[in-house]
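One letter stands for each residue in the lines below.
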Amino acid sequence: MKLRVTVDGEEYALELRPEANGSQYRLEGATSLAGSTSIFEVMPGVFSVLLGTRSFTVRIASNGSELEVWSGSRRHWVSVADTRDRSGAERKPSGAGPVQVRAQMPGKVMRVLVELGASVQAGQGLVIVEAMKMQNEMKSPKDGVVRRINVKEGGTVGAGETLIVVE
Amino acid sequence: MKLRVTVDGEEYALELRPEANGSQYRLEGATSLAGSTSIFEVMPGVFSVLLGTRSFTVRIASNGSELEVWSGSRRHWVSVADTRDRSGAERKPSGAGPVQVRAQMPGKVMRVLVELGASVQAGQGLVIVEAMKMQNEMKSPKDGVVRRINVKEGGTVGAGETLIVVE
Amino acid sequence: MFRKVLVANRGEIAVRVIRCLREMNIASVAVYSDADRGALHVQMADEAVWVGPAPSIESYLRIECILEAARTTGAEAIHPGYGFLSENAGFAKACAEAGIKFIGPSWEAIEEMGSKTAARRLAIRANAPVVPGTERGIADPEEARKAGAQIGYPVLLKASAGGGGKGMRRVDTEADLAASMRDASSEAERAFGSGEVYLEKLIERPRHIEIQVLGDEDGHLIHLGERECSIQRRHQKVIEESPSPLVLARPELRQQIGEAALRIAREAKYSNAGTLEFLADQHGSFYFLEMNTRLQVEHPVTEWVTGIDLVRWQILIAAGEKLTIQQKDISWNGSGIECRVYAEDPENNFFPSPGRIVQYVEPSGPGVRVDGGVYPGWTVPIDYDPLLAKLSVWADSRPAAIERMRRAVSEFRVLGITTNLALFGEIFADEAFAAGNLDTAFLDRFMQRRFTGAVDPQQLAAIIVAAAKSESQNPQKVLENGSVESAWRAVRRRELMR
Amino acid sequence: MFRKVLVANRGEIAVRVIRCLREMNIASVAVYSDADRGALHVQMADEAVWVGPAPSIESYLRIECILEAARTTGAEAIHPGYGFLSENAGFAKACAEAGIKFIGPSWEAIEEMGSKTAARRLAIRANAPVVPGTERGIADPEEARKAGAQIGYPVLLKASAGGGGKGMRRVDTEADLAASMRDASSEAERAFGSGEVYLEKLIERPRHIEIQVLGDEDGHLIHLGERECSIQRRHQKVIEESPSPLVLARPELRQQIGEAALRIAREAKYSNAGTLEFLADQHGSFYFLEMNTRLQVEHPVTEWVTGIDLVRWQILIAAGEKLTIQQKDISWNGSGIECRVYAEDPENNFFPSPGRIVQYVEPSGPGVRVDGGVYPGWTVPIDYDPLLAKLSVWADSRPAAIERMRRAVSEFRVLGITTNLALFGEIFADEAFAAGNLDTAFLDRFMQRRFTGAVDPQQLAAIIVAAAKSESQNPQKVLENGSVESAWRAVRRRELMR
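Protein chains in written order, with the numbering used here: chain S, 1 to 167; chain Z, 1001 to 1167; chain Y, 2001 to 2498; chain P, 3001 to 3498.
Chain S with its partners taken away, still in its complex shape (with noise of 0.2 Å):
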């Protein structure tokens, strides 16, 4: 199995050959590693790792379009890519189009502060969400029109779900 994957920005290559006890892995990229590994998947999301003799717990949650990967006291933000496939890796968000604003967890909306096809700047508050008596200002990504708007004041909303389109 060949993979590509990429951790909080930078990019690895990663060859894992199953064996009988576990796998040998090669790992090229910034950090380049080799050896045997078992991985074990103890509870759903939870993996018991074994690098030779090394331990580690890695707990993965998926969160959009990457995965939310902890391990020892640190989140890191992975995706992975089959090397066959290089179109998902393409994709990157980028200034033109659409660009969808989402909630980062989960609240009540407050207040809707710009109206469907109203010019925004970077920067700009859009909706005010309030979660636990705290109120968070979602900000527009870049400057551009107001083309959607999926929320209206006194609703709730879910961690990842898109409120507004500005494109």
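Misleading hints may appear alongside valid ones.
[To be verified] Derived list of chain S stretches under chain Y, where covered just means 3 residues or more per stretch with a C-beta under 8 Å from a C-beta of chain Y:
| hint | region |
| --- | --- |
| 1 | 2 to 15 |
| 2 | 21 to 34 |
[Claimed, not checked] Calculated lysine to aspartate or glutamate pairs in the DMTMM-like style (CA-CA distance at most 25 Å, straight line):
| hint | chain 1 | residue 1 | chain 2 | residue 2 |
| --- | --- | --- | --- | --- |
| 3 | S | 133 | Y | 2087 |
| 4 | Y | 2004 | P | 3456 |
| 5 | P | 3201 | P | 3143 |
The set of hints was computed from the structure by calculation and includes no laboratory data. Here the structure is a predicted model, which is why all the values come from computation and not from measurement. Glycine included, each C-beta is placed from N, C-alpha and C at the ideal position.
Position chains Z, Y and P against the provided structure of chain S, taking the given hints into account.
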């Protein structure tokens, strides 16, 4: 919803009528009760039940044909049948026909004490299963003939697995 | 003794009180809102009564509903926990009028200590040190100048009606006073509808140190020593400990602050459990700030070092029992530390992160206690405080307690929502924290200076192979709209569309 | 201090030791068999080494593999836990020869105390009371008669080579002696290959009381008081506590037994942690039984009441540190109780119940500690001891500790496998247990007399409506063979058959 529920051999007729904030229930049998109830599955197999204001936690595991139900510090054996379908109730295990001897616990088959076609008496040992250094002798539930042996010495068995069929 | 007690709260503190009631063989009654039907405190109580919709103003704060729940179930007393109605004198009074015992001090004591200015006057009467300042609002810049000269700079301008930092200004020299006063007053006017401000001495690098007191209804009062709660974010405590590192350096302080606290509590005719908050400077001068007339979130660290069950005593005292412990019986053993596990993201300005908890495993083992209010599968509602659980430890010394905390934090597994556990891992490995040089701005500075070094290459490799394994089980698909989702999710979506 | 330590064990005790190593900033190395790749101790350790197939004889008991694992990883010391190789003098000697520190006493002490007869002779030399009896095997009925007359009836015939009750006979009068000796001898012959038996005084309603000792390698030895472990099934402890209710009734006993224990330990030149087991009768007479030259399963109750971390001291002492605690520094505070949560079915003769743990939530809150070795989703292997976790509590008195235990047991949720938790719920509600009238046959009698009264009608209704809800989600189908299974299972089966 009307159901027949058997708890530790006692049969009850249960009627559940959904309402705005829960259900109304009516129970008839050795104990007759009625009132409002709210049932909430807090995690798979764990139910928070409110009867009026009283709060109970009920844990339910399926174990073969019956439910193994824990509440407080007691275990109960429960089966549920739709009142329109009485077929299940008539099929009580009886002396006639093949009877499956099942493993109560997972373990390793240490010895098979009988051969295919052998005549056995009720209470005669059939198989010795070991788990965690303890041995358990599985006994014949009735007089009969060994019709099937599903295990061999040294193999492992899971809980509820049929070891031997006596007819 | 009571046969049945209603707990007018939710989350971990409701669980804490219900656990105590169970140990005392007293039946417990929970209350719950629409958001909390599946909450842990509802499962653990003997009875549970619905009190309204999710917003607390429509449920947990509705005095009449809570009293009605107590009457319906025949509860003889109400434990208010902290927050919600716990410091509401009107509620305590309504309980008394309904013939239901409020587990806490008298409503008169709540009322008096609930006013910061009244509490300050009372402390002065009790000969306890307070932060030097004008007793009341100042009318004009000239009056402020006089007061500032008397108190000594730096000083702090504060809004009489306020809190939360609004209308507050630090003033370092007399020259800045008039302009700052104008700013503070207009900010206070906007925030609270009153522009009145007063002057207070500014304590540099203040430490938050508080004293736990406990008294019965016959006036026998003792103190259980201090807790230091200087690790705060947004003026909210996140780590608390006893003994305070300041007291470890200056052991005479415990008795000094403890006695000042007792003088105030006696003056207030206080009974049941209460906490007197002080500011201390780095030299050991201390000043009374305010009193919390209820059980404190961080009470477990005092329970660890004294061996005394505060909730049990709250209930015993409310039932009319005498406090049989004398001041001389109290001894302090080892070191207790607590951290508050919040559903929040320290990397995103501590913004709350409610949602469904997918995996949840609490740490345990020697010297570890968790006061939790959640369970795996529970959806943390968006409507209340983000406190999931309090993790506390004990060891025979502060350094050993910190190591234990580091160990326990590393075992605490919460999946599905973001928590501040990883940040605690860093703080408990921090040398400045270990040295005990704390003040209330410690955490703000820590967030600036913390350095997350390079990842161990093997740990990085572990992350990569685990991610690869995870994705090979659930390969992702690129959708028409350019976003990506895992294959199994796509399958489920197709099934739902059939 | 060691930089890296290998833990030659599995399950909860491996987790306990790894937790301690983490708190001491010492790297930990786990070992695991094929059955334990996903075990908790493997996840928690810094390193993990595979040592063989599931059967312990091919993995955890293979001395050469364990030593090789230590050499490969550069571990400087080995903690053996309990069971497995912990009392194997050959292993301790092999460690010494390999230049790896064995965390425990010298191999000579293990060897001497490992022989019951040698330990008994040593105890007699140390002037400690032993159960009156023949020092060695008796050859013929005439010798037995003489010995019986000297010891006084009732007496017990025991197999010299044996244990576990095999070859054991109670003899009440001299008339029964010859026949009983014939029976016991032939049973011993069959079980152990040697028919040699000896005579011992029978202690009626004996209590199992043991003393924890701790000593450094310079000969400084202290005792940490007693534990009572009279609640047993199949000669295995299930509940342990400190103080013993017998000592609560006769406080002078702690010092008496403690000093006897220290005399024996000194005579054996014992170092590190060890436990001396005694039988006591209901009047407070006590007799040395045997010594466990290792950490005891039930060490947490001693840690609760003394505040001393035994595992930490084991490691410090093995690293050559002096035991800085003096006997006079030890004080005993409150009451600690532990129960062993086994994967077993008390309703089915305590038969083991391994399998997959579907839900697992440990209790916590004030005064509760869990030393666990499992997690939700873990499949308890069929190959090892059924101990899942040890639940222990502390409170300021024995009655309060029992109430706390009852509360904690009620919170402990294990789904998927059967445990003995429900039985603990009954025992901790039992009046005879609360009265402290214990002896080693308590549990056998309890299993006979326990009365499970009628179920509360509302609880019954709750069971019925929950079962109905559960089944309406997963309706059952009657299969062709007459058995019944839920619909979703049938669906899954059909999918597998495609």
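Hint-by-hint comparison with the structure:
1. 2 to 15: Contact hint for the region 2 to 15 of chain S vs chain Y: holds, 5 residues under 8 Å.
2. 21 to 34: holds (count 5)
3. S/133 with Y/2087: With a Cα-Cα distance of about 19 Å, the restraint between residue 133 of chain S and residue 2087 of chain Y holds, given a limit of 25 Å.
4. Y/2004 with P/3456: holds, 18 Å
5. P/3201 with P/3143: holds, 15 Å
In this structure, every one of the numbered hints holds.
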